[in-house]
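Engineer: Residue strings, one per chain:
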Amino acid sequence: MSELTRRTAHEMAGLLRRGETSARELAEAHLAEVERTDRALHAWLSLDPERALEEADEADARLDVARHEGPAALDALHPLLGVPVALKDLVSVRGGQATAGSRILAGYRPPYDAHIAECLRDAGAVILGKTNMDEFAMGSSTEHSAFGPTANPWALDRVPGGSSGGSAAAVAAYHVPLAIGTDTGGSIRQPAALCGIVGMKPTYGRVSRYGIVAFASSLDQVGPLGRDARDAAALLHAVAGRDERDSTSAPIPVPDGLLRLAADDDEAAAELRGKRLGLPREYFVPGMEPGVEARVREGVAALEAAGATVEEVSLPHTEYGLATYYIIAPAEASANLARYDGIRFGFSVREPAADFIADYKATRGQGFGAEVKRRIMLGTYALSAGYYDAYYLKAQKVRTLIKADFDALWARGFDALVAPTSPSVAFRFGARMADPVAMYLSDACTLPVNMAGLPGVSFPCGLADGLPVGLQLIAGPWREAELLRLVRAYEAVTAGADWRRLEPAELGLAAVPDAPTPAERASALAAADRVASSTAGWPAT
Amino acid sequence: MASLSRRDVEHVAHLARLGLTEDELARLEGQLNHILDQYTILTRLETGSIPPTAQTIELENILREDVAGPSLPVEEALANAPGRDGEYIVVPPILGGE
Numbered sequence: 039m040s041e042l043t044r045r046t047a048h049e050m051a052g053l054l055r056r057g058e059t060s061a062r063e064l065a066e067a068h069l070a071e072v073e074r075t076d077r078a079l080h081a082w083l084s085l086d087p088e089r090a091l092e093e094a095d096e097a098d099a100r101l102d103v104a105r106h107e108g109p110a111a112l113d114a115l116h117p118l119l120g121v122p123v124a125l126k127d128l129v130s131v132r133g134g135q136a137t138a139g140s141r142i143l144a145g146y147r148p149p150y151d152a153h154i155a156e157c158l159r160d161a162g163a164v165i166l167g168k169t170n171m172d173e174f175a176m177g178s179s180t181e182h183s184a185f186g187p188t189a190n191p192w193a194l195d196r197v198p199g200g201s202s203g204g205s206a207a208a209v210a211a212y213h214v215p216l217a218i219g220t221d222t223g224g225s226i227r228q229p230a231a232l233c234g235i236v237g238m239k240p241t242y243g244r245v246s247r248y249g250i251v252a253f254a255s256s257l258d259q260v261g262p263l264g265r266d267a268r269d270a271a272a273l274l275h276a277v278a279g280r281d282e283r284d285s286t287s288a289p290i291p292v293p294d295g296l297l298r299l300a301a302d303d304d305e306a307a308a309e310l311r312g313k314r315l316g317l318p319r320e321y322f323v324p325g326m327e328p329g330v331e332a333r334v335r336e337g338v339a340a341l342e343a344a345g346a347t348v349e350e351v352s353l354p355h356t357e358y359g360l361a362t363y364y365i366i367a368p369a370e371a372s373a374n375l376a377r378y379d380g381i382r383f384g385f386s387v388r389e390p391a392a393d394f395i396a397d398y399k400a401t402r403g404q405g406f407g408a409e410v411k412r413r414i415m416l417g418t419y420a421l422s423a424g425y426y427d428a429y430y431l432k433a434q435k436v437r438t439l440i441k442a443d444f445d446a447l448w449a450r451g452f453d454a455l456v457a458p459t460s461p462s463v464a465f466r467f468g469a470r471m472a473d474p475v476a477m478y479l480s481d482a483c484t485l486p487v488n489m490a491g492l493p494g495v496s497f498p499c500g501l502a503d504g505l506p507v508g509l510q511l512i513a514g515p516w517r518e519a520e521l522l523r524l525v526r527a528y529e530a531v532t533a534g535a536d537w538r539r540l541e542p543a544e545l546g547l548a549a550v551p552d553a554p555t556p557a558e559r560a561s562a563l564a565a566a567d568r569v570a571s572s573t574a575g576w577p578a579t
Numbered sequence: 005m006a007s008l009s010r011r012d013v014e015h016v017a018h019l020a021r022l023g024l025t026e027d028e029l030a031r032l033e034g035q036l037n038h039i040l041d042q043y044t045i046l047t048r049l050e051t052g053s054i055p056p057t058a059q060t061i062e063l064e065n066i067l068r069e070d071v072a073g074p075s076l077p078v079e080e081a082l083a084n085a086p087g088r089d090g091e092y093i094v095v096p097p098i099l100g101g102e
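Chains A and B, in that order, give the protein sequences.
39 is the number of the first residue of the first sequence in the working numbering; add one for each residue after it.
5 is the number of the first residue of the second sequence in the working numbering; add one for each residue after it.
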């Protein structure tokens, strides 16, 4: 194991500028770390070492030129130059793969680059490969990947969260300092919480989605996962901004302040002084684990101790969020996923001597997994004749009320809201697979933020039963830099905490040669559960 | 709000162009009704005078200049097609006959 992989991206940037390491050395060290533990973690769906090393050499060449030109030229380089990053496998990179975790896109080769892939190349980041995810980003555990589950580096028989579970596990396991995820109802923030890292969903419209496989177009956003606030801010800075090819990307300037989060702890902590934070009481949902609530309340106390005022507030329509989301997101998904017809690209079944409808049905029936089919069914039903008003239109109206709850708090002058990210710590493989509604509840504290289009960030606030707990901050539109400064302040005031010095508890176990894969662990757990339930006299179902 | 019968599930699957097995249809009937039960909470809210929200940022009429630019070469645009014949994508017949 190379110590280089334990550095943050901003530390790597310093080493590169001082000539103490090279982009090639960083890429090789991180690829070796993937090799060492990814059999047990399965965070990655594909790696492209050859292309990564080429990009690293280009980064080294740019660094060389800048070093000869002097300090001003070095300062002008983006902090991500030469830094290894991962992309969730729904980001198009020309000629690579983009499965979105689905069999229906296996073998598909994107003929163009996503906007954010271009941005990362311009910044000089080194893309190592693509990470695992729930199929079409539908899920909260990464168990819905058609290519097998990912394990949580803190506990190998538990999920990393989802849908960006591969990205979160890769960052937590030091495979990369930074990764890209997408968040439609919590898919960046919830896995960040469950893996003990920082993950941000930016304001709707902040990052272009050109070249990103679509799930629910009024909710999807692209965002960063990293091990601290400064790294996440640098990645957001690299990919944010207006792109003419995505008409929903907003012409709002991206603040350079994202690159200037305070390095000094005292300076960073001062940010909290006088800040007014709201604590929405509805986010302490029924069924929240006591250990999670305890860590969240301690986190809130630390923010107060550092000079913020925290007031309990109400977001009265929170309890309607889940139902509203699970109408709107599947409805949009059912329309977006109509494109997978087996004709122009992707998996295809042609039934001899059958009509074209039969071809569509066979292609989609065999190409999509169970959760995707469930959501397509829900969405098709909610949009179908006779039910549109009762479901989709009703949900859009309730969405107005959910957004108005937040707007009322911004109007009262709150700087941000502080809340739990997930009501539970990482759960065991299989625990929520039998009951879709139990899985959907994983996102109760994150999905209202998507429906209101707001930025939200999850960051670690300690451990419960040895597993990471995430604290969430939510702000008004376009206030990502303010949020990340608050996260940086929290990091500063908790810099001395014991849990900050811990590596994921089962990372060592993941490095054991021939360790079981996550799929093997999941099926062993399922078999053990079947034995337990049959001896208890319950019918095996 | 409504509940779904087995025939309804089959009808929605047809609308969605999803080929489902007997097992899948049976399982979905139970699961979809369980999920629809969760939706009934929304009937508690009076929303007659509330406008719907389709998107959250106030961008309107986003237009670009109408100028021709480079686009994908035909070869690359068709490279992913499962069935090809020269510069064409092979599609299943939509009118009867061989």
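Hints listed in this document are in silico derivations from the structure and should not be mistaken for laboratory results.
C-beta: ideal position from N, C-alpha, C; glycine also.
Careful, some of the hints might be misleading.
[Claimed, not checked] Here chain B is said to cover these stretches of chain A; the calculated rule only asks that three of the stretch's residues, wherever they fall, bring their Cβ under 8 Å from a Cβ of chain B:
(1) 145-156
(2) 336-349
(3) 388-399
(4) 438-447
Engineer: Of the numbered hints stated previously, which ones are contradicted by the structure, given in increasing order?
Structural biologist: Violated hint (a single one): 2; every other hint is consistent with the structure.
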